[in-house]
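Trainee: In order, the protein sequence lines correspond to chains A and B. Going by the numbering used here, the residue at position 244 of the first sequence is 244; the numbering climbs one at a time, nothing skipped. Going by the numbering used here, the residue at position 273 of the second sequence is 273; the numbering climbs one at a time, nothing skipped.
None of these hints come from the bench; they were simulated from the model. Predicted model only: the values in this text are computed from it and were never measured. Among the clues, some could well be false.
To spell it out: a stretch of chain B is covered by chain A in this simulated footprint if at least three of its residues, at any positions, have a beta carbon under 8 Å from a beta carbon of chain A; those stretches are [said to hold, decoys possible]:
1. 80-89
2. 245-251
3. 399-406
We put the beta carbon where it would ideally sit given N, CA and C, even for glycine.
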Amino acid sequence: MATSVAPTSARRPFTRRASAFLFRHRGVQLTFTLGPTLSWMVVIYLFSLVVLLISSFWTLNPLTSQVEHTWSLKNYQTIIHGSVYWRVAFRTVMLAAAVTVTDVLLAFPLSYYAARMASARVRNVLLFAVVMPLWANYLAKVFAWKTMLGGDGPVDAFFGVFGWHPGLSSSIIALWLVLSYIWLPYVILPILAAFERVPDSYLEASSDLGAKAGRTFRKVVWPLVLPGVVAASIFSFSLTLGDYLAAPLVSKTLVLGNLIDSFAGGTANNKPLAAALSMIPLAIMGIYLLIARAMHAFEAL
Amino acid sequence: MRRGISLVAIVGVMALIAAACSNNSSSSGPSGGTSASALSYDASAQGEGELNLVAWPLYAEKDVRGPFEDATGCKVNVKEANTSDEMVNLMSQGGGTQYDGVSASGDATLRLIASGLVAPVNVDSFDDYANVMPSLQAPAHNTVNGVHYGVPYEWGPNILMYNSDIVSPAPKSWDITFEPQINGQANPYAGKITGYNSPIFIADAAMYLMSHQPDLGITDPYELNADQLDAAVNLLKQQNGLVSKYWNVWSDEVDAFESGDMVAGTAWPANQNVLISDDKVNVGSVTPSEGVTGWADTWMMSSNAPHPNCMLAWMNYTLSDKVQAATAYTFGATPSVTTACQGLKANLIAGYGQEVGTNAYPLYHCGDDGYLKSIFLWKTPVPDCGNGSSDCADYNTWTQKWVEVIGQ
Numbered sequence: 001m002a003t004s005v006a007p008t009s010a011r012r013p014f015t016r017r018a019s020a021f022l023f024r025h026r027g028v029q030l031t032f033t034l035g036p037t038l039s040w041m042v043v044i045y046l047f048s049l050v051v052l053l054i055s056s057f058w059t060l061n062p063l064t065s066q067v068e069h070t071w072s073l074k075n076y077q078t079i080i081h082g083s084v085y086w087r088v089a090f091r092t093v094m095l096a097a098a099v100t101v102t103d104v105l106l107a108f109p110l111s112y113y114a115a116r117m118a119s120a121r122v123r124n125v126l127l128f129a130v131v132m133p134l135w136a137n138y139l140a141k142v143f144a145w146k147t148m149l150g151g152d153g154p155v156d157a158f159f160g161v162f163g164w165h166p167g168l169s170s171s172i173i174a175l176w177l178v179l180s181y182i183w184l185p186y187v188i189l190p191i192l193a194a195f196e197r198v199p200d201s202y203l204e205a206s207s208d209l210g211a212k213a214g215r216t217f218r219k220v221v222w223p224l225v226l227p228g229v230v231a232a233s234i235f236s237f238s239l240t241l242g243d244y245l246a247a248p249l250v251s252k253t254l255v256l257g258n259l260i261d262s263f264a265g266g267t268a269n270n271k272p273l274a275a276a277l278s279m280i281p282l283a284i285m286g287i288y289l290l291i292a293r294a295m296h297a298f299e300a301l
Numbered sequence: 001m002r003r004g005i006s007l008v009a010i011v012g013v014m015a016l017i018a019a020a021c022s023n024n025s026s027s028s029g030p031s032g033g034t035s036a037s038a039l040s041y042d043a044s045a046q047g048e049g050e051l052n053l054v055a056w057p058l059y060a061e062k063d064v065r066g067p068f069e070d071a072t073g074c075k076v077n078v079k080e081a082n083t084s085d086e087m088v089n090l091m092s093q094g095g096g097t098q099y100d101g102v103s104a105s106g107d108a109t110l111r112l113i114a115s116g117l118v119a120p121v122n123v124d125s126f127d128d129y130a131n132v133m134p135s136l137q138a139p140a141h142n143t144v145n146g147v148h149y150g151v152p153y154e155w156g157p158n159i160l161m162y163n164s165d166i167v168s169p170a171p172k173s174w175d176i177t178f179e180p181q182i183n184g185q186a187n188p189y190a191g192k193i194t195g196y197n198s199p200i201f202i203a204d205a206a207m208y209l210m211s212h213q214p215d216l217g218i219t220d221p222y223e224l225n226a227d228q229l230d231a232a233v234n235l236l237k238q239q240n241g242l243v244s245k246y247w248n249v250w251s252d253e254v255d256a257f258e259s260g261d262m263v264a265g266t267a268w269p270a271n272q273n274v275l276i277s278d279d280k281v282n283v284g285s286v287t288p289s290e291g292v293t294g295w296a297d298t299w300m301m302s303s304n305a306p307h308p309n310c311m312l313a314w315m316n317y318t319l320s321d322k323v324q325a326a327t328a329y330t331f332g333a334t335p336s337v338t339t340a341c342q343g344l345k346a347n348l349i350a351g352y353g354q355e356v357g358t359n360a361y362p363l364y365h366c367g368d369d370g371y372l373k374s375i376f377l378w379k380t381p382v383p384d385c386g387n388g389s390s391d392c393a394d395y396n397t398w399t400q401k402w403v404e405v406i407g408q
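Next comes chain B alone, as it looks inside the complex:
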């Protein structure tokens, strides 16, 4: 009798779950055919009174949100996310109906577009789109077949940051972060190196191999066939022996640089800014000879946004030079509209003083399209290699390979 009851209970639970699951699959499938009609911004459209955003920390601070709320009546709620994977997860919650938009980096954008989670927009309907830098007008990470899926926000490189009291002379190459031996000598910084804890960091190794093992034939660090991916992963496994810890969120790296556990490794300019303003250790940064990877972020709108008019108004607003300059200063990133550069310089001088501010400004490469072009910007690895062949490793494979690196 007892056994009978528990069996019935289990079968009941299973049936319930099966029902829940089948419901799920019918409602959350990618909605096809969204590219048909791009949405346009209309200044006269009535806002819905609220706006829910997923954003990188410091990307929609109060000084930026306030004037927007006053002007449009859309109250801005920000859900901060620390990684691109977190952002993709949040945007797909509830079939994509919980959030209106996201400040997605290039390693998330193509995933969001392919799954139909974000809506195409008519960029010409935004007031200031003409001011966007040439290489961000229709970049591959947010424009597919000529259809735009958002407006550019901030961008920046993944620089080589180092503790300038310990690492000397100043590094010129990423070799101090990858090689156990440098010019026949043991790497003096072994055990104090750091790397970025994300599958996308494989691209940094691939970029290094482009200069150091040209016979692998890597042309784009995000388009790797099986052999090229294995070579990059092997390099990263070698690096693992030198790494003190990988950093996940910016504060991991800042803490470890301040405690002396890390002395060199990849960093966002924002991390360096925090270290400079904390003033506990002396840090420097360079763009090494192999080049740098980097990121360009896009405000994208959910296909099922509950407050579409507020989101379109937000996208229009974030293209203004004032907003771009303000966030560039708070976050330590570079604006995508060239007209924001003077504002950024003024913010830096106001924040750090005349001398430090003036010296810091060139590090942002504001409006420098040549520099932006030299950066290998994050983009989602997809099987299509872009040259007709489709044997490139997809992001799923990258994630599994990355676990091999950190789990060894």
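One chain only, chain A, in its complex shape:
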């Protein structure tokens, strides 16, 4: 380092000295810029995941219900031998898939319209309408649905005119409706972005080469937006897989989140088993993300 040309540091202002120091020491610069966020990620996220993994090997004293720090595979054996855990896991994955498909089907035409057909003003209005529900509290939205679907709610009253009482208040259909509604904005935004990234010149080239609208969509548009769709599906799938607040409010259905929640201290206190159970959605999401990466979804995020 050329320390010989540096003037006596006392005469230069501190900020300039600091920036010069950071410029020369890239490592320190990185520590200051990425450090806080990264350490947050490591401490809060990775640390808790590791704690979760470790505690899943602990057991519960049957007499005192206190956690005992002895290593065993008992929780995993319980899960493997208990058909109820498989059933709930399967049901939750199916629910997550149904919510994802529903949201993609709803988001697709809207995003296409907003990105490629609407004027700038209409596009902004649509975007605002999509984002606005995100500013409302999650629980407020779920409670609104609970009232709407309840025994004396408007949905039941509407169908009651035709002499039919769907009794949605305790069914999994209610849960599917509510979660599809709540995660819809998260699905629309990535798909909208994907449509906006399709260059007009590609569509013109396709049409110049004689392709009709359907063929252009199948051969040009769809492959280009697919990563965006997969990226969007990560949101609705993972959020549904982990949700445990909506289920008890709008239905009787037990989903993975409730199962973990009830063992984590709600109604059936057994924290080590809860930790072992939470490895199920982690594993499912791990696989899902690997597939998504193979489909280049991360480049569309």
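Assemble chain B onto chain A, guided by the hints.
Mentor: Frame of chain A, contents of chain B only:
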């Protein structure tokens, strides 16, 4: 190089965690030998100025806390808990040093005692213990080998509540909540039944089986061997098909009765009181022919209570007839001291008016030891069946079975 750094980081994190864990296990283990010396209340002992309680909602309201704070200088902080499991969790936080005491129900008490989290007390040192009803003087849910772990507070049954406009005639049996077919007819209330969302609710099914399948040989709904437990769980799975929703906290049931989603099922008298005062639906309740389960709550003191003198003073205070009558009225429960009955009646009349209050009073069975004895009071299921054999399912097994019921 990059890989090297991340490996080092991971190993470091693991080492940190391992250190944290081993620290934990050495400090939070059950402290043995606590039964050696029971603590006594001493009116002259100086309070520590503060008291941290874990309590059921409405169990330590302002009208009850106020006079105590004025008299003892102990400021009362209440952490409300809605389930017994929550209470056990809270009491074990920080090695049991965060809270001084808890209003534990019988399904939590034995767990707290077995883990050494609560301290034995000398009940004779409390001014009003002699007024406690005979069957609560030394009940199995808070007295182990003659050692007392707390003082009784309120008790009550889990009654069969129903919407009296829809459920008619008034039910006499729990069968409308369990059976898809009644006298060869489809159960008219299918889809509108409710149950209590807790492993301890398995006992309600076991109690029903005591009358309906006597050959199972169930003598105590909390002491079930594997076959008996399976029979109860199968009955509950059958019930699940009739259930609209299980209730977790009292407001779940109140809301669903008011919206019409539930018309019959197990309830605390407190839930019925809320529905009556809301006056949106007409509800009735009965003690069915099979009997009822119920709960008796105990103020227990943490073994590591930071404010022991304030806690002992609180336990002494909660045995007074005034406090017992006040909470009985606010919560809709029955006092454990017989001298509180007149006060409860007066509170009911003051709150609901002469006619409604006078009619409501008999429903509390205040001071009725015979009725209390007929209730199958919640207690923690333990492997020891009490009759020499030890093949009964423990609470851990109950929790896993309960998940099978609600998760099917």
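Trainee: Return the numbers of the hints above that this structure violates; sort them in rising order.
Mentor: The structure conflicts with no hint, since it agrees with every one listed earlier.
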